[in-house]
Amino acid sequence: AIQLTQSPSSLSASVGDRVSITCRASQGISTALAWYQQKPGKPPKFLIYDASTLEKGVPSTFSGSGSGTDFTLTISSLQPEDFATYYCQQFKSYPITFGQGTRLEIK
Amino acid sequence: QVQLQESGPGLVKASETLSLTCTVSEYSINSPYYWDWIRQPPGKGLEWLGSIYESGSAYYNPSLNSRISMSIDTSANQFSLKLRSVTAADTAVYYCTRREASGGFDYWGQGALVTVSA
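Residue numbers (the working numbering), protein chains in the order written: chain A, 35 to 141; chain B, 516 to 633.
Worth flagging that the hints you see were computed from the coordinates, not collected in a lab. All figures in this text were calculated on a predicted structure; none of them were measured in a lab. Backbone N, C-alpha and C fix where the C-beta goes; we use that ideal spot for every residue, glycine too. Do not take every clue at face value.
25 Å max Cα-Cα, derived DMTMM-like pairs, lysine to aspartate or glutamate [what the hints assert, rightly or not]:
| # | chain 1 | residue 1 | chain 2 | residue 2 |
| --- | --- | --- | --- | --- |
| 1 | A | K76 | B | E562 |
| 2 | A | K90 | B | E531 |
| 3 | A | K126 | B | E541 |
| 4 | B | K559 | A | D104 |
| 5 | A | K73 | B | E531 |
| 6 | A | K126 | A | D84 |
| 7 | A | K73 | B | E562 |
| 8 | B | K559 | B | D621 |
| 9 | A | K76 | B | E615 |
| 10 | A | K141 | A | D116 |
| 11 | A | K73 | B | D588 |
| 12 | A | K79 | A | D104 |
| 13 | A | K73 | B | D621 |
| 14 | B | K528 | A | E115 |
| 15 | B | K559 | A | E139 |
| 16 | A | K90 | B | E541 |
| 17 | A | K79 | B | E531 |
Listing some non-contacts, in silico: residues in chain B with all C-beta distances to chain A over 12 Å [what the hints assert, rightly or not]:
| # | residue |
| --- | --- |
| 18 | G525 |
| 19 | S530 |
| 20 | T532 |
| 21 | P577 |
| 22 | I587 |
| 23 | T589 |
| 24 | S600 |
| 25 | R614 |
| 26 | S632 |
Whenever a hint applies, use it, and build me the whole structure from the sequences.
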């Protein structure tokens, strides 16, 4: 199975900050990567697919980049509603796997 | 707007079978998408369990050691999960989802907490 490792595991930041979360795959997955945002008690929300394509309705403050084994989710200017846990997910091959999550907290 | 809703017992005894059904609304399940189950133990991350296509072909996570089976009922617009021989480690919120061609999970149910009791 392809393993995904996210860093950092947790992150403290302030409203208006620019933050980046990385996701490293144990083998090359081209751009077969998605990102999700999850808030407590809610299902994950689909943010980005194909490593860099924003899902409809996702604010342009979110962006994704990368290919192969290294990927980044960037939020250019944090808003209060962005504080949540973020997961990456690969669909290059079965079994589909997720990163362990990055918790983004208010400083 | 596609809607998914999980249903089934919230409490299952250890060694028994966990059974959940996902009812899809406002969209036909008889379409070129995969329908998946994902779970999340309390306070932990996401684990993909398996996928089923409208044809009935399925892919399962090998980590479940053949305890899993999925089925699809296109006439009822539902798909189902069975997980046999459950233990406390199977206690989790179980989500049903739609997976689009790009491979991402674009629609999710609200989740069903299933607790395995001794």
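Here is how each hint holds up against the structure:
1. For the proposed pair K76(A) and E562(B), the alpha carbon gap of about 16 Å is at most 25 Å, so the pair holds.
2. For the given pair, K90(A) sits about 41 Å from E531(B) by alpha-carbon distance, which is inconsistent with the 25 Å threshold.
3. Between K126(A) and E541(B) the CA atoms are separated by roughly 29 Å; this puts the pair beyond 25 Å, and the hint is violated.
4. Restraint check: the Cα-Cα separation between K559(B) and D104(A) comes to about 23 Å, which is no more than 25 Å; the hinted pair holds.
5. Under the criterion of a C-alpha separation no larger than 25 Å, the hint pairing K73(A) with E531(B) is inconsistent with the structure, at around 31 Å.
6. About 10 Å separates the Cα atoms of K126(A) and D84(A), which keeps this hinted pair within 25 Å; it holds.
7. Distance restraint check for K73(A) and E562(B): the Cα-Cα separation of roughly 17 Å lies within the 25 Å cut-off, and the hinted pair is therefore satisfied.
8. Between K559(B) and D621(B) the alpha-carbon distance is near 21 Å, which keeps this suggested pair within the 25 Å criterion.
9. This hinted pair checks out: K76(A) and E615(B) have alpha carbons roughly 20 Å apart, not beyond 25 Å.
10. With a C-alpha separation of about 13 Å, the suggested pairing of K141(A) with D116(A) holds against the 25 Å cut-off.
11. At most 25 Å may separate the alpha-carbon atoms for a hinted pair to count; K73(A) and D588(B) exceed this at roughly 31 Å.
12. Of the supplied pair hints, the one linking K79(A) and D104(A) holds, its CA atoms being roughly 22 Å apart against a limit of 25 Å.
13. Between K73(A) and D621(B) the alpha-carbon distance is near 16 Å, which keeps this suggested pair within the 25 Å criterion.
14. Between K528(B) and E115(A), the direct Cα distance comes to roughly 39 Å. Violation of the 25 Å bound is thereby established for this hinted pair.
15. Between K559(B) and E139(A) the alpha-carbon distance is near 17 Å, which keeps this suggested pair within the 25 Å criterion.
16. Between K90(A) and E541(B), the direct Cα distance comes to roughly 19 Å. Compliance with the 25 Å bound is thereby established for this hinted pair.
17. For the suggested pair K79(A) and E531(B), the alpha carbons sit about 32 Å apart, so the restraint of at most 25 Å is broken.
18. With a least beta-carbon separation of about 16 Å from chain A, G525(B) lies farther than 12 Å from that chain, consistent with its non-interface assignment.
19. Here S530(B) stays apart from chain A, with its beta-carbon at least about 25 Å from theirs, past the 12 Å limit.
20. Listed as outside the interface, T532(B) is consistent with that label: its C-beta sits roughly 21 Å from the nearest C-beta of chain A, beyond the 12 Å cut-off.
21. Chain A draws P577(B) into its interface by the beta-carbon criterion, the shortest separation being 6 Å against a cut-off of 12 Å.
22. With 12 Å as the threshold on Cβ separation, the claim that I587(B) sits away from chain A holds: the shortest Cβ distance comes to roughly 18 Å.
23. Distance check on T589(B): its Cβ is at least 23 Å (rounded) from any Cβ of chain A, clearing the 12 Å threshold; non-interface status holds.
24. Every Cβ of chain A is farther than 12 Å from the Cβ of S600(B); the closest lies at roughly 19 Å, confirming the non-interface assignment.
25. Residue-level check failed: R614(B) sits 8 Å from the nearest beta carbon of chain A, not beyond 12 Å.
26. The claim that S632(B) is not at the interface with chain A holds, since no C-beta of that chain comes within 12 Å of its own (minimum 22 Å).
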